[in-house]
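Both chains are sitting in their own frames, so use the hints and assemble them into the complex.
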Amino acid sequence: MAATPRSEARTGLKLISPTAIYVILLLAVPLATVLVFSVMMGGRANVSFPVTLDNYAKLLSNWAYSYILLKSLLVALSVTAITVVLAYPVAYFVSFHVRQERKSLWLFLITIPFWTSYIIRVSLWFVIIGRDGLLDQALMSLGILSEPLNFASYGIPAIILVLAHAYAPFAVLPIFVSLEKVDRSLLEAGQDLGESRFITFLRVTLPLSMPGVIAASLIVFIPTVGDYVTPKLVGDGKQPLIANFIETQLLKLQDFPQGSAFAVVSMLMVAVVSVGFVLWNKRFIGGQK
Amino acid sequence: MTTSDDRPTMIEFKDVHKYYGDYHALRGINGTIRAGEFFSLLGPSGCGKTTLLRTIAGFEGISSGVIMIDGKDAAGIAANARPTNMVFQSYAIFPHMTVEENVGFGLRKDPRSKEEKAKAVAEALEMVGLKGFGKRAAHALSGGQRQRVALARALILKPKVLLLDEPLSALDKKMREHMQVELIKLQRQVGITFILVTHDQEEALVMSDRIAVMFDGEIAQLDDPETLYRRPANKKVANFIGTMNFIPAEILSETGDKVEIEAKGLGRVALDIAQAPAPAGEAPVVGLRPETLTLLYDDQKASERETEGLIDEVIYLGDMTYYDVYLGGTDVEVRLSMRNVPGRPVLEVGAKVRVAWSPSALVLFR
Chain A
1 MAATPRSEAR TGLKLISPTA IYVILLLAVP LATVLVFSVM MGGRANVSFP VTLDNYAKLL
61 SNWAYSYILL KSLLVALSVT AITVVLAYPV AYFVSFHVRQ ERKSLWLFLI TIPFWTSYII
121 RVSLWFVIIG RDGLLDQALM SLGILSEPLN FASYGIPAII LVLAHAYAPF AVLPIFVSLE
181 KVDRSLLEAG QDLGESRFIT FLRVTLPLSM PGVIAASLIV FIPTVGDYVT PKLVGDGKQP
241 LIANFIETQL LKLQDFPQGS AFAVVSMLMV AVVSVGFVLW NKRFIGGQK
Chain B
290 MTTSDDRPTM IEFKDVHKYY GDYHALRGIN GTIRAGEFFS LLGPSGCGKT TLLRTIAGFE
350 GISSGVIMID GKDAAGIAAN ARPTNMVFQS YAIFPHMTVE ENVGFGLRKD PRSKEEKAKA
410 VAEALEMVGL KGFGKRAAHA LSGGQRQRVA LARALILKPK VLLLDEPLSA LDKKMREHMQ
470 VELIKLQRQV GITFILVTHD QEEALVMSDR IAVMFDGEIA QLDDPETLYR RPANKKVANF
530 IGTMNFIPAE ILSETGDKVE IEAKGLGRVA LDIAQAPAPA GEAPVVGLRP ETLTLLYDDQ
590 KASERETEGL IDEVIYLGDM TYYDVYLGGT DVEVRLSMRN VPGRPVLEVG AKVRVAWSPS
650 ALVLFR
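In order, the protein sequences belong to chains A and B. Just so we're aligned, residue 1 is where the first sequence starts under the working numbering, counting upward by one. Just so we're aligned, residue 290 is where the second sequence starts under the working numbering, counting upward by one.
These are computed hints drawn from the structure, not numbers from a lab. Any given hint could turn out to be false.
[Claimed, not checked] No more than 20 Å apart at the CA atoms, straight line, and that leaves these computed lysine to aspartate or glutamate pairs for DMTMM-like:
#1 K524/B - E551/B
#2 K525/B - D489/B
#3 K303/B - E622/B
#4 K447/B - E188/A
#5 K406/B - E390/B
#6 K398/B - E188/A
#7 K420/B - E390/B
#8 K449/B - E188/A
#9 K232/A - E247/A
#10 K463/B - D489/B
#11 K524/B - E622/B
#12 K282/A - D512/B
[Stated by the list, open to error] Distance windows between CB atoms, simulated:
#13 F348/B - L109/A: 28 to 34 Å
#14 S458/B - W280/A: 36 to 42 Å
#15 L202/A - R401/B: 20 to 26 Å
#16 G480/B - I222/A: 58 to 64 Å
#17 M140/A - K398/B: 47 to 53 Å
#18 D304/B - L202/A: 38 to 44 Å
#19 S274/A - R401/B: 42 to 48 Å
#20 D362/B - L202/A: 28 to 34 Å
[Claimed, not checked] Just some of the chain A residues that point at chain B, by a computed CB distance under 7 Å:
#21 D192
#22 E195
#23 P207
#24 L208
Glycine residues also receive a C-beta, built at the ideal position from the N, C-alpha and C atoms.
In isolation and in its complexed conformation, chain B is listed as follows (with noise of 0.2 Å):
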């Protein structure tokens, strides 16, 4: 992860909207994507993400707005003139052609030699890890392999922007674990801005610069995804990036930069006003991560704060265990989760248990 401030704009939405006939599928856009960035588009199925991404393509045109590409606006520019290349969620390999002559599609107008062209073609194969493969009809490719074409295939181009439209879901998870991972090094390597548009936070969390996560068509926040998992801006966020414990609070006083709350079972905390993201008019609760808990061994002694608790149940998952407790005696629960360490026994449930918990890992929403 990198902080990428410095970088100039290679994308920019102004206002976006766009109507599907009475369907409102995007309401109002507004944000930039950086050169040489890796920038996710995250969100559940219907949230406009693929919209969004197929209006930088230029497949969608937008009902109003402004989008800007390098500099300059997309608006008069067709599909086939933007400077984005697209790899597709089905890849679209041209099944009556060879890998090469997929590969080679976009190189018609290329002034280039031929020789050379053929011997562009072998190192994008190369790069994607498909040497001698080139000779091969492309309806015999296995899923990955397809997806090692549409890469290859868009990349030959040396676009400005690859779009990655939910480019892993087809593969199994092996796959998809490793492709993450040769993906990122991809991006490094060529320094192209890729924007992926997926529904799975965990994808996005693993190999993005920053992350728009969208709700209903609109960005309900756009952030690097240690700030999107630290620092949720609403609850919907918090509960799509991850788990997150949601405990009952009441506000007893709000002055300049802290906040002081009354939190069942946890009792009084000041909290810093960089905890409290924007109100949005609801009944105030805190937000805690299960890691962010902390079961107390024996003699151990918590470092900042620490409340009693009762476990209700005990999930083993091997390297791990996931504990719901009731907190401070009353009727929170709250799930946390403990590494299996030597030296740490699996509790039982029933045992009363010390918690222990910092404030500054709490965030309130109200």
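In isolation and in its complexed conformation, chain A is listed as follows (with noise of 0.2 Å):
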């Protein structure tokens, strides 16, 4: 007795059904209730509701607001940029120059960092870039400087290196399993065509692994852009970044239509960059076959 494609489908639905109530409870019903905050009037718990886009055009019209996407993005590029270009030369590295037999040790290697809380990981930050970390200590002992440099306050350079070193894992991955599936026989056909190694990795092997620098960019850009705890604990929490200032505007100000713009905007933005990239991505898709 063959299974019909209906009662497959029934068979599917009921496989995803947990799942699929699990997301609808705790995503779709959340984000349903912060778009319609976002359209209704009120400060504070008094929200009511004739229907307005009030609190769009106030966070346009309002540059203190629109700084802080603009930062948020900013950064998120940032840390994108820069993990992308130190995970590269490791993926790299491990897919071309490790043993086949050692590279799961060494992707094993790479994730150990994920085995630690973020939160210590951040604190840990502080060793090394804080007030007399290992970093003043070093620039001072060596004369470079008088007074400690005390990194970690500098706000937006010191919640960059942090992120960027915390995401640098995600990056590697994907990255290399786009390495590892580069016939090795094409850049030896390069090299026989009379092309140096090194333009060859860039005619070849770069090209060919641009959809896992896509996909680490996107697995960086996403949750950097809604990173809250890093701007918390580094530099102060001088320099808030887009959730920090949703949770102001949510929690400490209970002004929600105006945080709820403010969260539906910020999506939207990553939205837009994400689709930047899976378009930027599809001109090398046809490669990867």
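Now the structure itself:
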């Protein structure tokens, strides 16, 4: 007795239903709530219901608000760029220069930072870049500085540094996978046709690994735009980003409509950048077959 | 098949050795490949033929010895500076490029104008029968088309030597036979030295001017296809190329240019010394190809020698029939092949027959 398509579909629905219910209750419903709040009126807890776009208008006309959005976007893009540039050589090394049987060991080592809680990892950065940390001591003992630098208090650069380090392993893995798929005889063919190793890398390996690079960019970009913990801890919390601002609006000021509008705009921003990445990826997808 | 003895040397191997750790992959390769020759490296997998090809391309270094390419020691020359181009077994077509971009890959540093390069690409595609395919995406091509792109991509650079690493092994039988003929024609047209690696003896016989048969990292014999087939240098080569019957024999006398033997089932035969390759210290046997033995029908007479036989097995193939025959009342069984032509009925198992053979077709291994 072969299963009919309909009964297969029913089995499929049954299989995904726990997850589906979970996602609907905990993601779709709150998301809808946020959307509804964002077109409502009022401050504090006394929201009321004439549908309005005032919250969005305020958001776009107030320079302080736009500044936070832009700053978050730039921080996330910088973190993405730095992370991918740092992760690529690591992925390349593991894929091309590590013996086949050692590769899984290397990948395992790369994931070790995930064994520690993120908050602990951020705190540990203070040992290095905080006041009188390793960096200060080293620079002072070399006579380069006379006063402690306390890099951790430098807001944005310190946030970028900490985030880039935290997301590096996420970026290594997709790039590694795409490099593994590159047929090694293509590299010999490149040299056979008269190109040096480096030019062969630029003309063959790099374009073929672009889907991995783009995947890595998305994986790093999306969570860093909405990162809450890092700006809170690093830079003495003086450089709030989107997530911190939304928290202030929603929980401290209890301005639900304004906070929700802010959340919706930041979501749209992420969506636009992500779609851009995905479209860019389409250029390279053909080569992955 | 041409005699190419007068052509200049293109590649010369002088005692080439290659080790991978403890593994001795090439064990003293010597020989020359002449300019404009269609040369094949033939052998079972693991015999070192691909390694040898890759040392010519520059992808593998050698542990000792010398490889001369066009009169220059190749030792200091990187793969991207050698006058050789390769058609890879996997074809190694760049999947992110169009057919055109693939074929024009090696022209980046070419000083010609963009239009001239585009024209060269179009000509190369036409030469391999892919006219009008330039704009196609490379990953959408069939196996045969990929191979043609790989050929065009290599030939457009006008190399002195084209290296082909089992280029036909990924194609189906019909396509393979078609491409064999096309490659021969192409080679004649461009006049470039072709070096083909293959494990398929038939392919090597069909395509090559000369063949190096390799076993265990050594060249067992380097000759033209006919000599290889008719006068194999040892039993291993004889077995690898075509089918050969081996009949135990005894050496009676050896005088100057003649060897007299007594072969079981065949009787006494006097052989020319040319029919006895260098001794290997084995028990003597004579080799006979199946098609050099002929069944005699009715009143036919053998032009040279004939022997009684008893048919043990009949294998009917349509155009041919193979017979396994006991020779001269002994337990020596040989396989012989007969064309099925009118007037030659297929015989039955158990039939008593007469077998004609010629002493000049024998090869003595000892």
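With the threshold set at 20 Å, check whether the alpha-carbon distance from K463/B to D489/B stays at or below it. Since the Cα atoms of K463/B and D489/B sit roughly 15 Å apart, the hinted pair holds (cutoff 20 Å).
Given pair status - D512/B, K282/A, alpha carbons within 20 Å: Between K282/A and D512/B the Cα gap is close to 53 Å, so the pair fails against 20 Å, i.e. violated.
Taking the Cβ atom of D362/B and the Cβ atom of L202/A, is their distance within the range 28 to 34 Å? Given about 31 Å between the Cβ atoms, the range holds.
Distance restraint hint 38 to 44 Å, applied to the beta-carbon atoms of D304/B and L202/A: For D304/B and L202/A the Cβ distance comes to about 39 Å; the hint holds.
Residue hint L208/A, partner chain B, criterion CB-CB below 7 Å: holds, 6 Å
Holds or violated: are the alpha carbons of K303/B and E622/B at most 20 Å from each other? This hinted pair is violated, its Cα atoms lying about 43 Å apart.
Can the hint on E195/A be confirmed by a CB-to-CB distance to chain B that is less than 7 Å? holds, 6 Å
Beta-carbon spacing of S458/B to W280/A - inside the hinted bounds 36 to 42 Å or not: holds, 38 Å
Does the structure keep K524/B and E622/B at a Cα separation of 20 Å or less? Roughly 17 Å separates the two Cα atoms, so the pair holds.
Between K524/B and E551/B, does the CA-CA distance stay at or below 20 Å? holds, 19 Å
Measuring from beta carbon to beta carbon, are S274/A and R401/B in 42 to 48 Å? holds, 43 Å
If you draw a straight line from the CA of K525/B to the CA of D489/B, is it 20 Å or shorter? Roughly 15 Å separates the two Cα atoms, so the pair holds.
Violated hints, in rising order: 3, 12; the structure is consistent with all others.
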